[in-house]
Amino acid sequence: MLRLVRAADGVIRVDITGPGRGAYVCRDPECRERALKPARLAHAFRRPSEVRTESIETAAMGR
Numbered sequence: 031m032l033r034l035v036r037a038a039d040g041v042i043r044v045d046i047t048g049p050g051r052g053a054y055v056c057r058d059p060e061c062r063e064r065a066l067k068p069a070r071l072a073h074a075f076r077r078p079s080e081v082r083t084e085s086i087e088t089a090a091m092g093r
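Residue numbers (the working numbering): 31 to 93.
Check each hint, because a few of them may be wrong.
Claimed, not checked - What follows is a list of derived Cβ distance ranges for each label pair:
| no. | residue 1 | residue 2 | range |
| --- | --- | --- | --- |
| 1 | R51 | R82 | 17 to 23 Å |
| 2 | C61 | R82 | 14 to 20 Å |
| 3 | M31 | H73 | 15 to 21 Å |
| 4 | P59 | A38 | 28 to 34 Å |
| 5 | E84 | I46 | 23 to 29 Å |
To be verified - Pairs of lysine to any residue, SDA-like flavour, derived with a Cα cap of 20 Å:
| no. | residue 1 | residue 2 |
| --- | --- | --- |
| 6 | K67 | S79 |
| 7 | K67 | E80 |
| 8 | K67 | R82 |
| 9 | K67 | R33 |
| 10 | K67 | T47 |
| 11 | K67 | T83 |
| 12 | K67 | V81 |
| 13 | K67 | D45 |
| 14 | K67 | I86 |
| 15 | K67 | C56 |
Since the hints were derived computationally from the structure, they do not count as laboratory data. Values in this document were obtained by computation on a predicted structure and should not be read as measured data. The C-beta atom is built at its ideal place from N, Cα and C for all residues, glycine as well.
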């Protein structure tokens, strides 16, 4: 599982120990594809969020 957090600038980042509200996403590519849709993350974080998938994909490959 990857822990995602929304930074103050609205960008979603992978952060395993950061403070605040987080959302968890599985490492499976199909699961990530569904979960990383902006509407789903905006709902999870309760505000608009920007997704930069390259950093999340890199973290997912680092198992």
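Evaluated hints:
no., hint, in the structure
1, R51 - R82: 17 to 23 Å, "18 Å, holds"
2, C61 - R82: 14 to 20 Å, "18 Å, holds"
3, M31 - H73: 15 to 21 Å, "18 Å, holds"
4, P59 - A38: 28 to 34 Å, "29 Å, holds"
5, E84 - I46: 23 to 29 Å, "18 Å, violated"
6, K67 - S79, "10 Å, holds"
7, K67 - E80, "10 Å, holds"
8, K67 - R82, "11 Å, holds"
9, K67 - R33, "16 Å, holds"
10, K67 - T47, "23 Å, violated"
11, K67 - T83, "10 Å, holds"
12, K67 - V81, "8 Å, holds"
13, K67 - D45, "18 Å, holds"
14, K67 - I86, "13 Å, holds"
15, K67 - C56, "14 Å, holds"
Hint compliance for this structure: hints 5 and 10 are not met, and every other hint is.
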